[in-house]
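Asks: The chain contents come next:
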Amino acid sequence: MQITGQLALTVVMGLFLVVIAAWLAQIEDWRSYTPIGSGGATGESGYVSKEKPAGISRWLTTVDHKDIGLLYGAYGVIAFVVGGLMIMLMRIELLDPEMTLLSNSFYNSLLTSHGITMLFLFGTPIIAAFANYLVPLLIGADDMAFPRINAIAFWLLPPGALLIWAGFFPLGDIVPAQTAWTLYTPLSAGVGGGSQANAGVDLMILGLHLTGVSATMGSINFIATILTERGEKVTWANLDIFSWTILTQSGLILFAFPLLGSALIMLLLDRNLGTTFFAIEAGGTMLWQHLFWFFGHPEVYILVLPPMGIVSYVLPRFSGRRLFGFKFVVYSTLAIGVLSYGVWAHHMFATGMDPRLRASFMAVSLAIAIPSAVKTFNWITTMWNGRVRLTTPMLFCVGFISNFILGGVTGVFLASIPVDLVLHDTYYVVGHFHYIVMGAIAFAGFAGLYYWFPMFTGRMYQRRLGKIHFWTWMIGSNITFFAMIVLGYGGMPRRYATYLPQFATFHQVATLGAVLMFIGGLVWTYNFVVSWLEGPKVQDGDPWNLREDGMYTNEWQWFENKQETALADGGDEEEAVTDGGTTEAEAEAEAED
Amino acid sequence: MDEQPGLSDQYRRASPWPLFVALGIPIAEVGILFDVFAVAVAGLLLFCGSVTGMLRESGYAETPWRPLGAFAILLFVVGGTLAFTDVNLVTRGYAIITAGGLLAAAGIGGELFVPKREAV
Ligand code: HEM
Ligand SMILES: [Cu+2]
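One line per chain: the protein sequences are A and B, in this order. With this note's numbering applied, the first sequence covers 7 to 599. With this note's numbering applied, the second sequence covers 1103 to 1222.
Chain A extracted, bound-state conformation:
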């Protein structure tokens, strides 16, 4: 029995490899090898568009930074929808303390997956989407420094997602993890009576590990690109703010993610191979927490810095003024980057650590609010007396600032030890970080998606639907997350599938806000899908009329050139179009209009 199983598996894997080899052999036909010296950005000497594969193969084999950016974007958006549907189920479960829509353990599983999905499968990838598409355009590079590594980094993500969600698929007796995203030991080491020794947890950890490898590869690529591939006219003095935040973020990733990867491997070894890194007698309960949060806090800044960059970049375009105090925004970014490594233990104030140590972490945590505030004031002053145009991306930027202030101020409260000892592990913390991750990071992401939508798709979205989306989200997120803050003050602990009757009202309010956001999400999906397919074509390279204010930038210049090129040599491009996939076809059609 055992032997036949092994045999069957061997045959399956063998066939799998043969199929891949066959596909590769076929691919070789359309490719003409030109050894490309450095493995670096080329193009001129590569192969021409005639040899680019058609249809799905194009997306599977692309190493073009814009294609990869779109892939990251699609991936991030899908993950966002999955994570959002998960939380809708949970919010319905929380409508009433007696509700039995979900079992308690399934609630825990959704909770775990929601957090990991949003942070690792939506947050990091959606940032990488913007960075991949835009950074080379902004700094005048032909492509990323290592285009193939760029593609590897992306392709690690889909298997990562499948592993992270593996427990939800009907795979024998694998059950989804219930460890929460923080994976605290000894629970996550498989100790105790629950299902935590199940392979579902191992698969999730492996998936997490993969996404970490992906982020690290991406960050090395961005650092190399920004340091070495800048165009002649792009100096450190005039490097744009978004690239600055990507550079800083990449630096943070470089130190944070390998540490997470190592800690995850230690955990896997503890779980499967009998090591004792995190056993009570050895590392104890605190070792994991220190390792995790030394990664975990920088991670939150990894997620917030580039969205801050997007806001710093987009906001001035609709204020008719340059970013106020550009230099100080850059300095603040760098300061946050450095300081973010000195605050991790503010997540552990309640663990009984040495009070003197604790106080030092409190001091640094309060200090990190200063550069954050500098940025906030700079954004506000940028709008001050400006010619503000409340387009959808601008609304999302303003919403970002508003929500970031609420999230930041609640963070400062939590950074104060006596306050934290009361509020730790309550809904207040959930409110705090959702103001930031949803209210700020996701809002900035959507500001970017709306702002560059004409460039990504060549079409315009429906403005009115965009505004409806914004207002449902702005109101919805503030209803939900403010209710959470109140629940936290009332002492409602986080991560429970049920609660005492006195918390019912505010839980219902929170669900109401979530429903509002859900509706907004439907509007957004409809708007983006329909506009992408049949929205009005963008006619010139300046859909936002940036030239009027002298705010025109490189990436739109590129877009304009692209449109003009499509016009100019549209004729000889016939062939590229027939097997070239949608983008050219669209550009082409546009040119003929």
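Calculated from the structure, these hints are not laboratory results. Bear in mind the structure is a predicted one, so any value in this text is a computation, not a measurement. Just to be clear, a hint being listed does not mean it is correct.
Cβ-to-Cβ under 7 Å is the rule here; a few derived chain A residues that face chain B [claimed, not checked]:
hint	residue
1	T16
2	M19
3	L21
4	L30
5	I33
6	I62
7	L66
8	T68
9	D70
10	R154
11	A157
12	W161
13	L162
14	P165
Stretch-level coverage of chain B by chain A, calculated; a stretch enters the list once three of its residues show a Cβ under 8 Å from a Cβ in chain A [what the hints assert, rightly or not]:
hint	segment
15	1153–1167
16	1178–1187
17	1207–1217
If you anchor each label on the Cβ, the simulated ranges turn out as follows [as the list claims (entries may be wrong)]:
hint	chain 1	residue 1	chain 2	residue 2	range
18	A	W390	B	G1161	50 to 56 Å
19	A	Y337	B	G1161	51 to 57 Å
20	A	G358	B	G1161	57 to 63 Å
21	A	A230	B	I1175	26 to 32 Å
22	A	G198	B	V1179	36 to 42 Å
23	B	D1137	A	M359	37 to 43 Å
24	A	Y502	B	V1189	39 to 45 Å
25	A	I62	B	P1217	31 to 37 Å
26	B	T1183	A	L13	24 to 30 Å
Positions of the beta carbon are idealized from the N, C-alpha and C atoms, including for glycine.
Following the hints, complete the assembly by docking chain B with the ligands onto the known chain A.
Replies: Showing chain B with the ligands alone in chain A's frame:
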């Protein structure tokens, strides 16, 4: 970029290898962690083979045979450490050694029997 508008749209770049490098890693990881022999071997072959393909494509290696040999040696060392030392993960070690053996066979076979092509 400014001087050659739309350049990267006219000369797109594509490579079939990254996808398979990325697939090889999780397959090998799952196989080794859960001690599933065939999966571990297949994952390692896929990973090492695709990296080799990429090295050749980008001109770092003229033929795939030497990189395959290098990977084989690496896998022998790692597999040997797992199988024959105090680490004592015998079956996992053998899986890695097997993958190394197959790569070595391909590498040596290629070096000896495949006629040298014109450098492309
Ligand atoms: C303005 C500076 C900030 C300060 C001073 C701050 C402070 C804190 C503190 C003290 C906690 C721990 C609360 C507890 O568990 O008792 C916390 C939790 C958290 N913060 Fe912040 N925060 C700040 C900004 C941010 C940002 C920018 C993000 C996200 C991008 C963020 C995301 C989180 C998350 C995810 C948690 C919860 C972690 C968990 O236990 O699951 N915070 N914050
Ligand atoms: Cu923190």
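Asks: State for each hint whether it applies.
Replies: Going down the list of hints, with the structure as the test:
no.	hint	result
1	T16	4 Å, holds
2	M19	4 Å, holds
3	L21	10 Å, violated
4	L30	6 Å, holds
5	I33	5 Å, holds
6	I62	11 Å, violated
7	L66	5 Å, holds
8	T68	6 Å, holds
9	D70	5 Å, holds
10	R154	5 Å, holds
11	A157	3 Å, holds
12	W161	3 Å, holds
13	L162	5 Å, holds
14	P165	4 Å, holds
15	1153–1167	holds (count 6)
16	1178–1187	violated (count 0)
17	1207–1217	violated (count 0)
18	A/W390 / B/G1161: 50 to 56 Å	55 Å, holds
19	A/Y337 / B/G1161: 51 to 57 Å	42 Å, violated
20	A/G358 / B/G1161: 57 to 63 Å	58 Å, holds
21	A/A230 / B/I1175: 26 to 32 Å	29 Å, holds
22	A/G198 / B/V1179: 36 to 42 Å	38 Å, holds
23	B/D1137 / A/M359: 37 to 43 Å	38 Å, holds
24	A/Y502 / B/V1189: 39 to 45 Å	42 Å, holds
25	A/I62 / B/P1217: 31 to 37 Å	35 Å, holds
26	B/T1183 / A/L13: 24 to 30 Å	28 Å, holds
Against the hints set out earlier in the document, violations occur for numbers 3, 6, 16, 17 and 19.
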